[in-house]
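Assemble the complex: chain A is given as a structure, and chain B must be docked to it using the hints.
Number of protein chains: 2
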Amino acid sequence: MTHPAPLVDIWRGDLLESQHTGHAVICDDTGQIVDAWGDPDAVIFPRSSCKMVQALPLIESGAADAFGLSDEHLALACASHQGAAIHTDRVSRWLDDLDLGDADLRCGPQAPADRDAKHAMIRAHDTPCQIHNNCSGKHAGFLTLTKHLKAGPEYVDIDHPVQVACKDTFEKLTAVNSLTFGIDGCSAPNFSTTVHGLARAMAFFAAARGGDTRSDAAQRLVQAMTRFPELVAGETRACTELMRAMGGKVAIKTGAEGVFIAILPEKKIGVALKIIDGATRASEAAIAAILARLGALDADHPAARKRLFGPITNWRGIETGHIRTDAFTKS
Amino acid sequence: MTHPAPLVDIWRGDLLESQHTGHAVICDDTGQIVDAWGDPDAVIFPRSSCKMVQALPLIESGAADAFGLSDEHLALACASHQGAAIHTDRVSRWLDDLDLGDADLRCGPQAPADRDAKHAMIRAHDTPCQIHNNCSGKHAGFLTLTKHLKAGPEYVDIDHPVQVACKDTFEKLTAVNSLTFGIDGCSAPNFSTTVHGLARAMAFFAAARGGDTRSDAAQRLVQAMTRFPELVAGETRACTELMRAMGGKVAIKTGAEGVFIAILPEKKIGVALKIIDGATRASEAAIAAILARLGALDADHPAARKRLFGPITNWRGIETGHIRTDAFTKS
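Residue numbers (full-length UniProt numbering), protein chains in the order written: chain A, 1 to 331; chain B, 1 to 331.
Bound conformation, chain A alone (with noise of 0.2 Å):
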């Protein structure tokens, strides 16, 4: 096996404090290694990275048209979103149009992240329900396809058509057979792969341009996220603040314990990454700074800058310290 390698240093005055290491894999639509750090064949979960994945089955199955959904309920299947009210007030008015409420969702309550969300809630004395849950989209576009189906309510189980068909999907498009499946923080199975697998599955996204089910389906995702990246994250996250930078040309998505993948179209390529300590600001660098590589994200852009350089500030707001992913820079 291959070690992890130092992908991001995090620097203080002028000693390395702190350092994260991983495995990140270019791979392009034949499956081919492109460029690879540490691992490619590491194991792991894809956590959220994967909710693209995810919904393929959503549009695929005819679910999505039959009940007339727009790339703003796509963007949203796609999302890990911070319970802003342009989140939950789309994935409420989606449930009321399944004639479905709070109470169907599998994905517990959580409180949101966006700051005017959670500070209206702790202000109304109010506690979070499941649209809050950054997941809710995702979840709502499994009891679309539930009802499609005219599946059991319990879509969250294993052995449930809805996650059948996730499963299936996700393995075609990986390409590997996934070993085990974790449950995810919103009560979903998270099925393993390799990093070089979830590149792969989005490579097969990159390069999508229609003329069967599976390619329609999975362009109209691609364009889902890059039309609506508030959708996806919300303000001041890296998803959405890159993929604004990137001009809507490529799709990211984060994932849990340091996963973040990316999508590029014009190029045929796809990305995944995993920092094996699971931090996010150093998956938020990495995935930066090889999109920079590729030549899709200006690393000048501030909010590239803010990813893959910092400033470290502190309470006072003096500048202590930096990022720096020199792993990524070519020689």
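For the record, the hints were derived by calculation from the structure and aren't laboratory data. Fair warning: there could be bad hints in the mix.
Stated by the list, open to error - Mimicking DSSO-like on lysine-lysine, the simulated pairs with C-alpha atoms at most 30 Å apart in a straight line are:
| id | chain 1 | residue 1 | chain 2 | residue 2 |
| --- | --- | --- | --- | --- |
| 1 | B | Lys172 | B | Lys249 |
| 2 | B | Lys330 | B | Lys249 |
| 3 | B | Lys306 | A | Lys118 |
| 4 | A | Lys306 | B | Lys118 |
| 5 | A | Lys118 | B | Lys118 |
| 6 | B | Lys167 | B | Lys268 |
| 7 | B | Lys268 | B | Lys249 |
| 8 | B | Lys150 | B | Lys118 |
| 9 | B | Lys267 | B | Lys167 |
What you are looking at is a predicted structure, and each value in this text was computed from that prediction instead of being measured.
Structure of chain B alone, referenced to chain A:
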């Protein structure tokens, strides 16, 4: 250079999802290494883990007695508190007693981490003051020493008598010449040392039995920390809960970027560790595992088990994973 050692594993289902590496040293009062993982000579910033060292000049100078400081004041001087009323009320009174106020602090404003204090502040549409900063007790100590020395108000400047005294004390106790310093989150200088050096300083505190000015001061600080664990951090926090679980026999202190120390007076042993990626979940697990290994902490105590094992649960309260610290289990 020795590589960092795998110290803390994060499992989801039956997959090792994430892993934290680091350096750890258990040291006796002669400076000898009793046990070590990774590289004892790795250079680190101790961050807030060395606040008891920064508090020594406060006592040794005579300032603490001149201003009538109690063990509660001294516990706060060693604290990274969470801005609860029990912390901020005491720091406010302390500043009053010095005829000083919030504006004399140089730590910067930080929102309280304490849930009640944070919610009250949001409901009142208040903004945090400097007394809410987790380091405000340390800074009240700096101001006390500043006043005693009749020094200037910029007490976090590197050449201010307070910081000169801190550096001198730190280098003597660690037996390491500090190679560099960083600016900490609270704007005070933080001097580099080795993991071994930091453990050696903690062994000095552990072995302090009084008899001279420095030993008296060290013993008094350990007593203050172990008598008032709730002032050193706060409810639900690792330092507070684990010190309580050990019945006041051991002092422990966290530092940013994955540092943790322990002082074991009964064994005259000091511990220091640094998680390479800076993760708090890992530094807490590692210090709990070392304390259990040393027989100071009951691994089955709920406060210990929470850090050593978890379980990791999701938004519906379902157990999705757990923590492992096999690296510290005696073979």
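Q.
Name the hints, by number, that the structure is in violation of.
A. 8
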